[in-house]
Amino acid sequence: MTAAIGISAVRKTFPGAEHPALAGVSLDIAENEFFTLLGPSGCGKTTLLRIIAGFETPDAGELRLGGVAMGTTPPNKRSVNTVFQSYALFPHMSVAANIAFALEMLGRPRDAIRARVAEVMRLLRLEGLGDRRPNQLSGGQQQRVALGRALASAPKVLLLDEPLSALDLKLRRDMQIELKRLQAETGITFVFVTHDQEEALTMSNRIAVMRGGAVMQVGGPAEIYDRPADLFVADFIGEANLMPAVLVDRKGPQGRFRLTGSDALVVANDAGTIGVGEPAMLMVRPERIGLGPLNAAPCDVGVIALRVDALAYSGSDLMLHGALADGTRLRARLSGAAAGDAAVGDTVELIVPPDAVRVYRP
Amino acid sequence: MKRERAPRLMTGAGVVAALTFAFLYLPIVTLVALSFNANDLTTIWGGFSPKWYGVVVANDDILRATRNSLIVAGTASLAGTAASLAAALGLAGAGRWERTLAEGLLALPLLVPEIVTAVALLLTFVIVGFPLGLTSVIIAHTVFCIPFAYYPIRSRLAALDPALMEAASDLYASPWQRFMRIELPLLAPGVLAGALLAFISSLGDFVITYFVAGPGATTLPVYIYGMIRVGVTPEVNALTAILLFVTIAVITVAFLLGQRPETDQNGGIES
Ligand SMILES: Nc1ncnc2c1ncn2[C@@H]1O[C@H](COP(=O)(O)OP(=O)(O)OP(=O)(O)O)[C@@H](O)[C@H]1O
Ligand SMILES: [Mg+2]
Numbered sequence: 153m154t155a156a157i158g159i160s161a162v163r164k165t166f167p168g169a170e171h172p173a174l175a176g177v178s179l180d181i182a183e184n185e186f187f188t189l190l191g192p193s194g195c196g197k198t199t200l201l202r203i204i205a206g207f208e209t210p211d212a213g214e215l216r217l218g219g220v221a222m223g224t225t226p227p228n229k230r231s232v233n234t235v236f237q238s239y240a241l242f243p244h245m246s247v248a249a250n251i252a253f254a255l256e257m258l259g260r261p262r263d264a265i266r267a268r269v270a271e272v273m274r275l276l277r278l279e280g281l282g283d284r285r286p287n288q289l290s291g292g293q294q295q296r297v298a299l300g301r302a303l304a305s306a307p308k309v310l311l312l313d314e315p316l317s318a319l320d321l322k323l324r325r326d327m328q329i330e331l332k333r334l335q336a337e338t339g340i341t342f343v344f345v346t347h348d349q350e351e352a353l354t355m356s357n358r359i360a361v362m363r364g365g366a367v368m369q370v371g372g373p374a375e376i377y378d379r380p381a382d383l384f385v386a387d388f389i390g391e392a393n394l395m396p397a398v399l400v401d402r403k404g405p406q407g408r409f410r411l412t413g414s415d416a417l418v419v420a421n422d423a424g425t426i427g428v429g430e431p432a433m434l435m436v437r438p439e440r441i442g443l444g445p446l447n448a449a450p451c452d453v454g455v456i457a458l459r460v461d462a463l464a465y466s467g468s469d470l471m472l473h474g475a476l477a478d479g480t481r482l483r484a485r486l487s488g489a490a491a492g493d494a495a496v497g498d499t500v501e502l503i504v505p506p507d508a509v510r511v512y513r514p
Numbered sequence: 015m016k017r018e019r020a021p022r023l024m025t026g027a028g029v030v031a032a033l034t035f036a037f038l039y040l041p042i043v044t045l046v047a048l049s050f051n052a053n054d055l056t057t058i059w060g061g062f063s064p065k066w067y068g069v070v071v072a073n074d075d076i077l078r079a080t081r082n083s084l085i086v087a088g089t090a091s092l093a094g095t096a097a098s099l100a101a102a103l104g105l106a107g108a109g110r111w112e113r114t115l116a117e118g119l120l121a122l123p124l125l126v127p128e129i130v131t132a133v134a135l136l137l138t139f140v141i142v143g144f145p146l147g148l149t150s151v152i153i154a155h156t157v158f159c160i161p162f163a164y165y166p167i168r169s170r171l172a173a174l175d176p177a178l179m180e181a182a183s184d185l186y187a188s189p190w191q192r193f194m195r196i197e198l199p200l201l202a203p204g205v206l207a208g209a210l211l212a213f214i215s216s217l218g219d220f221v222i223t224y225f226v227a228g229p230g231a232t233t234l235p236v237y238i239y240g241m242i243r244v245g246v247t248p249e250v251n252a253l254t255a256i257l258l259f260v261t262i263a264v265i266t267v268a269f270l271l272g273q274r275p276e277t278d279q280n281g282g283i284e285s
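Those protein sequences? They're chains A and B, same order as listed. The numbering of the first sequence is the numbering used here, which starts it at 153 and goes up by one. The numbering of the second sequence is the numbering used here, which starts it at 15 and goes up by one.
Some hints could be false.
Here are the in silico distance ranges between beta carbons for each label pair [unchecked claim]: (1) R284(A) with V267(B): 22 to 30 Å; (2) V69(B) with G282(A): 53 to 61 Å; (3) A366(A) with I265(B): 56 to 64 Å; (4) D283(A) with I262(B): 53 to 61 Å; (5) R284(A) with G228(B): 52 to 60 Å; (6) G107(B) with G282(A): 29 to 37 Å; (7) P127(B) with S231(A): 54 to 62 Å; (8) R325(A) with R110(B): 38 to 46 Å; (9) L103(B) with R481(A): 51 to 59 Å; (10) P176(B) with D348(A): 22 to 30 Å; (11) P514(A) with P176(B): 39 to 47 Å; (12) V267(B) with A270(A): 35 to 43 Å; (13) F193(B) with R274(A): 26 to 34 Å.
Just so you know, the hints here were simulated from the structure itself, not pulled from any lab data. Every residue gets a Cβ at the ideal spot worked out from N, C-alpha and C, and that includes glycine.
Chain B with its partners taken away, still in its complex shape:
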């Protein structure tokens, strides 16, 4: 019997897949492993020790950068999510064409090279005369947070039974009451997932931040970049690993929220 040749059965396909995963994840695994290296020399294993995490936590500059990062990511993801929610609700009632156009424009920042957005934003701030600092970073981050927050909210909204909104109106809810009591609680998992995705994309952003951050607005990724210009130290490994752990945790939560079926939520305000 002659076996049909299918691309996925070709010898070598498995090898390519294995190599791909290796290149993707081996460096990350190495980084995490070396962040627990007791040796002062980054690349020579000297036994297991969490001491570098202690060093990171004791570093005032790092703590300051962490504080900045959290302020930026917190504010930008909140503002970006609020804007996305408004956009999703507004566009739900719009015509097909308007919606396609608006959604395309919203998604574009994900595809445009980040350096372009960075330069464009910097240029705008300079022309307008906006001082570069934490505020300029927050504004820039809010902008690119929107597409990350928009899609989880939008897909949740699309799954919502329109009869529920009609039922609320029918039972004397004003449009505002309907939003607070029905729409928002039912959209909550999507809103939260969107906010978390926006949060981590803000937390990890380097290029845009590097361009629009003024003095005193150093965030963690920018600080790490500064550190490795001196050399890759175990301290950098530990700090980067922390960033990785936080990101994984947040993504997991966002994913689990996205999996929750509509009928199974407790997001509502109970009476």
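Pulled out of the complex, with its shape left as it was, chain A reads as follows:
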């Protein structure tokens, strides 16, 4: 099956810019996929969307939509619609006219347009708002109109550039669910841009993590979260404990590391290509760390003694903060019950399971 969107070695440097906005991006996005571009501000997410939509042409590389090379095909000849970050609703037209716009441009018969507009308004829960102007709508309603306008002509691909960033948290959560529902119901390929990693993890089939115009990792949410390809991805997605260490010895793929911050030994099931005596950076998610028995021997493998300097309680769990001897900070997320009666000032022993440790070259 050909990919809905095929991007190969796409480069783009804006005139006068020092660094390329896209430095050779290759991605295949499948049909029906909810695909997310995730990355810090300025990493090229919008530029990539604009190239897919046809507002920019790549300096080099190729874009294929449904297997057809796009070249300089203008936006109005691509079966791709965009939900703009600013919504860009036509201010002089009613909600219904906004939603009908694409269908009219495609020359659909009037009756069909009317029926489709009604259907889209029902799908997006906009019934009764058809005669309003965009400036008479709330932010969430405007957002749904923008979505409806882009969906009305049933494009093959829908591009969404941070469509939820202007909404408050509650509305945002609702719209996230609604977007997922829409994507499932319509079967349209969604390319979604966000710099909110939590949003990316909850919504996507696959995520591409970008940085400085390049794709650092592509994968499903669990893969990206659990097996980040490098330190940048590890740090950008979720919370990460990063601990400098040196490999002491290894048994096959398994390696035993001594933390530079304390004398604790930590075992990693997959030590990668690190050689004995070489430095490494270990990464452990806070929720993978457990609280050990207070009488465990200090040299036990995978046990780190930590002096607690702050506790943050957040309802369902407790975040325990502390520092190793060299100042390396550690966080452990403990369920309320597991936390026991740890208090600030106590020294606790943290257990790091070997399968939770990821090893990177520093």
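Given chain A's structure and the hints, the job is docking chain B with the ligands onto it.
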């Protein structure tokens, strides 16, 4: 406590301001007042009467001049506005330098002494062998209408969100459909304001018209000039006052159009 001396606090500043306004508006107020004078002698008040307006309306020469004025102002403002709209859209995509240069050249006719433009235009018509008449007046007016129409359109265009154009293209509008359905309706208030400003500047023009109008192409200002060579009559006052009222009305409409926020317009073609 010593009060700081600021130019606007100096005694006399208020007086100067008052005098300025008096010199600007007293003659106009006087003109309007005297246009309602019942007396045949212009400067002696003989009670209120609108009779001179009746005389103006009954004068065939005046009606003919009015007709000419409306034809010229209508055609020239329309042509000038169309040209300005094209220029504004074209220059929006041009580079900074090209745009600054082109806009400077467009604005120059506003600053060049009108008599220079008048003589230059007359010379051109004579050299080319273009017959002087209503058409030559229309052409000349179109030229100086352009800067008046250009700036309201341009400022409206600058306030337009470029994402709207992209959205239209994205939703399958061809460039022409995008222009008709999105750009033109959103620019409409600016276009209308520009056209109205062009219209009144054409309606009131005397110098250029006087030079390039041939026989039978007498416009209102030229006709009024002819009348006062005989003497300032109450009829002239009434006619001039009418011109003033029309101008004020048109400027008010143009101003109100310019004030309208972008999100609040009905200019679009609804489906
Ligand atoms: N029209 C432009 N001209 C020049 N440089 C541009 C232009 N558009 C984007 N850039 C630059 O290209 C880089 C990528 O920009 P882009 O808008 O794609 O980032 P982004 O990932 O969408 O960021 P954000 O999360 O802030 O929206 C940035 O360094 C930006 O400054
Ligand atoms: Mg962006």
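Of all the hints given earlier, name the ones this structure violates by number, lowest first.
Hint check: 4 fails alone, others pass.
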